[in-house]
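Residue numbers (my numbering), protein chains in the order written: chain D, 1 to 131; chain H, 1001 to 1285.
The reader is advised that the hints may include incorrect statements.
To be verified - Restraint ranges, calculated between C-beta atoms of paired labels, are given here: (1) H:D1218 - D:T46: 23 to 33 Å; (2) H:V1256 - D:K85: 28 to 38 Å; (3) D:T122 - H:P1228: 23 to 33 Å; (4) H:V1085 - D:G64: 43 to 53 Å; (5) H:L1219 - D:K85: 21 to 31 Å; (6) D:G64 - H:L1229: 42 to 52 Å; (7) H:L1229 - D:K88: 26 to 36 Å; (8) H:V1262 - D:A59: 50 to 60 Å; (9) D:A59 - H:R1057: 23 to 33 Å; (10) D:P110 - H:R1036: 49 to 59 Å; (11) H:G1043 - D:A112: 40 to 50 Å; (12) D:R73 - H:W1221: 19 to 29 Å; (13) D:T122 - H:N1210: 19 to 29 Å; (14) H:L1252 - D:K88: 19 to 29 Å.
Just so you know, the hints here were simulated from the structure itself, not pulled from any lab data. Using N, Cα and C, we set each Cβ at its ideal position, and we do this for glycine too.
Chain by chain, the residues:
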Amino acid sequence: MRAVTRPVLAMLPAVFAVSLLAGACSSGDSGSKSSGSESGTGTTVTVVLTPDGCEPSPASVQAGKVTFEVSNRDASAVDELELKKDGKVVAEKENLAPGLSGSFTHNLEPGAYELECPNAKTDEATFTVTS
Amino acid sequence: MLPTFVIGLREGLEAALIVGIVAAFLGKQGRRDALRQVWLGVGAAVLLCMGVAIALRVVSAELPQREQEGLETVVGALAIVMVTVMIFWMRKHARGMKKELEGAAASALATGSASALVAMAFLAVLREGFETAVFVLAVVQQPTGGSGLPTLGVLLGIAIAVAIGWGIYRGGVKLNLAKFFKATGLVLVVVAAGLVMTTLHTAHEAGWLNAGQGQALDLGWLVHPGTPLASALTGVLGVRASVTVIEALGWLVYVVVVGALVVMPPRRRPAPVGVAATTRSPAQL
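One chain only, chain D, in its complex shape:
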């Protein structure tokens, strides 16, 4: 029994280390992407999730660091917002239950983007980044 248990035990720290790394990596990344308080250096776009959709305000900004302040007012079926460009997910915020808010910041190149909020009546809104 012991002989069987030992390798299992020996393996756990390794797995643990990997996951810690993953965790550290995650928090490190979020540092550079952290949002809200330091939005002075970029533009802030407000998006309110409603059962009808997710219109950004403003719908057009200049290229650079853009922070999306997303809040879910009363859309019980909608719980995420994705920023996409040519169908590719650029950034997103998940698990936004009604009443919750969150944000994500991304360096945006000029171009046409879409904001997608699955399960809303109109689940896509256009968003433009100008040079």
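Please build the complex by placing chain H on the supplied structure of chain D, with the hints as guidance.
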């Protein structure tokens, strides 16, 4: 209360399902030692996730969503491999059940496999844990809250998911061997196919996969977003209101290929009828 309940249930189920399957499998093997490691691993993963969530909260940083989706994709892929190997392992051993499974140590899973299963359970919790812990904290500290109902909702959702995972474990262990192998073979194929869909979905959200993102199926009539049923369908079977072409394709290919291999009669001679339903010695349970 319902919206937070639904999210808690969905995220919880995605983790509890895999842990439940792993635990049932190890329990069935009489691997109490490995089972203990599973519980320890799950506990460690929960603590780790809560720690990271609290740290993120303290420095008021958001969870890096892209990396999170990447983690979900990698662990999802590992889980698909694990469940597939499990399916074939059981198919192979179901036939030789008498000599291989009832004979105590001879039947035992190789140590490496048991360790892999333990690691799998740990990773399965990490996969959903970071996100869920961040969500729970956000709900608890919700400025507009006050009523405490959203908090109750999310905790209840997670509690029910854990209960279902525990049910899978206990149910799996209680089934007799013949039934266990028969029932789990095809069920696991469908569960793994669901994992294929979920993993293709998270791969897209991680920005890794952009092919076949058109809608193939509108399951809005079945999966009403924001309801407990939708959570259960997404959490257990990977089914969403809108299924993309690549997700539908991945599901179909998996179900057809692996399903056919499971249904196909194996080349080994079948075990004699009547011995299949025998119980195990108490020492093994």
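Status of each hint after checking the structure:
Between D1218 of chain H and T46 of chain D, the C-beta spacing of about 30 Å keeps the proposed range 23 to 33 Å intact. At roughly 34 Å, the beta-carbon separation of V1256 of chain H and K85 of chain D lies within the given 28 to 38 Å, and the hint holds. Evaluation of the 23 to 33 Å hint for T122 of chain D and P1228 of chain H yields a pass: the beta carbon distance comes to about 26 Å. Remark: the range hint 43 to 53 Å for V1085 of chain H to G64 of chain D is upheld by a beta-carbon distance near 48 Å.
Between L1219 of chain H and K85 of chain D the beta carbon distance is about 27 Å. The supplied range of 21 to 31 Å therefore holds. Between G64 of chain D and L1229 of chain H the beta carbon distance is about 43 Å. The supplied range of 42 to 52 Å therefore holds. A C-beta distance of roughly 31 Å is found between L1229 of chain H and K88 of chain D, which places it inside the suggested range of 26 to 36 Å. Restraint check, V1262 of chain H to A59 of chain D: a C-beta distance of roughly 51 Å satisfies the suggested window 50 to 60 Å.
The hinted window of 23 to 33 Å between A59 of chain D and R1057 of chain H holds, with their beta carbons roughly 31 Å apart. A C-beta distance of roughly 56 Å is found between P110 of chain D and R1036 of chain H, which places it inside the suggested range of 49 to 59 Å. Against the hinted window of 40 to 50 Å, the Cβ-Cβ separation of G1043 of chain H and A112 of chain D comes to about 47 Å, which satisfies the hint. For R73 of chain D and W1221 of chain H, the hinted distance range of 19 to 29 Å is satisfied, since their beta carbons lie about 26 Å from each other.
Between T122 of chain D and N1210 of chain H, the C-beta spacing of about 23 Å keeps the proposed range 19 to 29 Å intact. For the pair L1252 of chain H and K88 of chain D, the supplied restraint of 19 to 29 Å holds, since their beta-carbon distance comes to about 24 Å.
Figure legend: structure checked against the earlier numbered hints; every hint is met.
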